[in-house]
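**Q** As you go down the protein sequences, you meet chains H and C in turn.
Following our numbering, the numbering of the first sequence begins with 11 at its first residue and continues without gaps.
Following our numbering, the numbering of the second sequence begins with 421 at its first residue and continues without gaps.
Since the hints were derived computationally from the structure, they do not count as laboratory data.
Where is the CB? At the ideal position from N, CA and C, for every residue including glycine.
Treat the hints with care, since some could be wrong.
To spell it out: a stretch of chain H is covered by chain C in this simulated footprint if at least three of its residues, at any positions, have a beta carbon under 8 Å from a beta carbon of chain C; those stretches are [as the list claims (entries may be wrong)]:
| id | region |
| --- | --- |
| 1 | 142 to 155 |
| 2 | 165 to 177 |
| 3 | 215 to 222 |
Derived contacts from chain H toward chain C, CB cut-off under 7 Å, selection only [to be verified]:
| id | residue |
| --- | --- |
| 4 | His159 |
| 5 | Leu180 |
| 6 | Gly183 |
| 7 | Phe186 |
| 8 | Ala187 |
| 9 | Pro210 |
| 10 | Glu240 |
| 11 | Thr388 |
| 12 | Gly391 |
In the DSS-like style, the derived pairs of lysine-lysine whose C-alpha atoms are separated by at most 30 Å in a straight line are [said to hold, decoys possible]:
| id | chain 1 | residue 1 | chain 2 | residue 2 |
| --- | --- | --- | --- | --- |
| 13 | C | Lys467 | H | Lys285 |
| 14 | C | Lys623 | C | Lys711 |
| 15 | C | Lys439 | H | Lys194 |
| 16 | H | Lys387 | C | Lys615 |
| 17 | C | Lys670 | H | Lys387 |
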Amino acid sequence: MEGLHHDTILEPSAKDSAKIKKESNEEEKGETHSDQADSMDFSTSTANQSLSAEDKVDLYEKMVRIRRFEERSLRSYQQGHIGGFLHLYIGQEAVAVGSVSMLGEDDHVITAYRDHGHALAVGMDFDECMAELYGKKTGCSKGKGGSMHFFAPDKNYWGGHGIVGGQTPLGLGIAFALKYNKKKGSCLCFMGDGATNQGPFYESLNLASLWNLPVVYIIENNGYSMGTAESRHSAGDPLARRGEAFDIDWSVSNGHDIYEVRQTISDALTSAHEKCRPSVLEIVTYRYRGHSVADPDQTYRSKEEIEEYKTNKDPLNLFREKLIKEGNISEDQIKTIDNRAKGDAEASAEFADASPYPDPSELMDDIYWETDNPGEKTSEGTMFFETPS
Amino acid sequence: MAKITYREALNQALSEEIKRDNNVVLMGEEVAQFKGSYKVSEGMLEKFGAERVIDTPISEAAFSGLAVGAAMMGMRPVVEFMFWSFCYVAFDQIFNNAASVRYMSGGLINVPIVFRGPANGGTNVGATHSHTPENFAANTPGLKVICPATPADAKGMLKAAIRDNDPVCVMENTILYNMQDEVPDDPDFIIPLGKANILKEGKDMTIIAHGKAVHTSLEVAHTLEEKHNVSVEVLDLRSIRPLDVDAIIKTVKKTNRVLLVEENKPFCGVDAQIAFLIQDQAFDYLDAPIKRVSAIDAPQAYSKALENIQIPAHDRILAKAMELI
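Just chain H, with the same shape it has in the complex:
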């Protein structure tokens, strides 16, 4: 079990700004390949050039809200209000927010068990998500899904899936249905680096390419499959190159730069919409917390490594600095956004706490469509063999 949680600092400080500027200067010298990639400026690329100041502030606020929601949920977990697993997305926010911000009405999203960020990015609200974590009746899945299983089909969000790589064929099927129904849409199927070693992913890549399906596989490479570093779990580098064997376009990009994420997704969406072609995008990112928060974090990586990322590559801090530099956000706005996110997160915890648990009779709801709709029942016989008395 980790020590008590401290929220990340999202206040702009002179020290942080100086640090960021220094690094950015170093990057401009192009000392290493990755530094070169880091230094590329995507703020005026095609995907970002028409963003208004308001749009940009909105993107920033979405990331802050995910961060503050999850930090609050971590406290609730430590207080014993949340059971089971809590896989936090903290550190990876720019990937979900940047990706989802590019989507149109026929674009869909599916992900794995680290799903809070994507859920909030597609527009699910704090209350239903926090209540779900608390196992309450007011949760988005009525307390039956939990942390790993958030769904909002009305927002084109198909979960939240607990088995590593298990969602990769589902994302393919969503893309299949879109194409079958002649929609110019796509399915973004998020997965972790660990999921690239599951068999169904490759079966899915083969079908995606063979059948020309508009699915975009997004490998959010946070460096660790649970506690196993990429160098210990995967042969061949980079992971996205595995798409090449199936003639699928692939790329590697930085997940701490929301502008770069948006451009990467934009290119893949064009390919999906215009040519019905899949893509494999490896977006390099980092998570600050353990695989699940109860997991020991120091057995496989150092505190220094985590601090290094927090200091130099925090996607929120980097974006905030950019917005300040661009003159698109004020100190007041930054504070207001942060306070609003913290306040809403606190309120969601209070809402969840005050909400009732599901009634025992609800254990038997939502299993079959048919038993939930007895008036339209077509079958006969007994469906359940042990029910609450």
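Could you slot chain C onto chain H? The hints should help.
**A** Chain C only, in chain H's frame:
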């Protein structure tokens, strides 16, 4: 009403439902150009085109999961497994995703999908190709499971399964594919799931069976009647989940003696649950302990000499029935 094979009955059901509902597609290995490994889908590619009758690579996990994803989006895919034994490489997609997505989403998402194909031993193909996983599926809340034993049931129940808004596992039998019988040609001929069928009335004993075991049990019932003057009722379960518990209890109360027969393995087989239900709900009506015949409890043997012993055959069932008298 025409006399057609079990295979043709399945073909009719699939064709009629594909014609009726644009959301229905058939996909699986060799279903289109090859006309089906067991020719169930013969002629369908020509009739409905490659968009509706879809050949897949040998990738059960991917195409099962693809179909689940498409079903979540409102399509009604029918997935053919060349053998149900092959579902084992797609277990996660069926037993986690298809079965649980509705529950885990608090009822927001339906999965109207059919997984179908043969699930039987008795064809000399060894352990990997002879599985009968109806008990696995029935053990999974969220899935429905049927085992039609006659051509009419194959048609009426497959059509019901395709129209069902929940995932349905349809377990067929290659040995029954050539069986002929009368089948209604009404395009709305439906046999509801969860309804057992008394194939033969009797008063001294009931044999309860499902799948091909139903036919062996019928032969045994006739032998008992002709040679031993025992009147035997034969109840075909047809559907495993939902289960027609009322029909089971009713026949037990009528005959007071019951023999359970299945081609599944015994441990946690379907009949283990049936036996529990009978003793729980009709204990006082039993004049003898419940008897049971299932497949011999070894991995399915290849050799005909062994497999013939393994699957419940006429004489083994007869011997067990004699213990009840």
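**Q** Sort out which numbered hints this structure fails and list those numbers smallest first.
**A** Violated: hint 10 alone.
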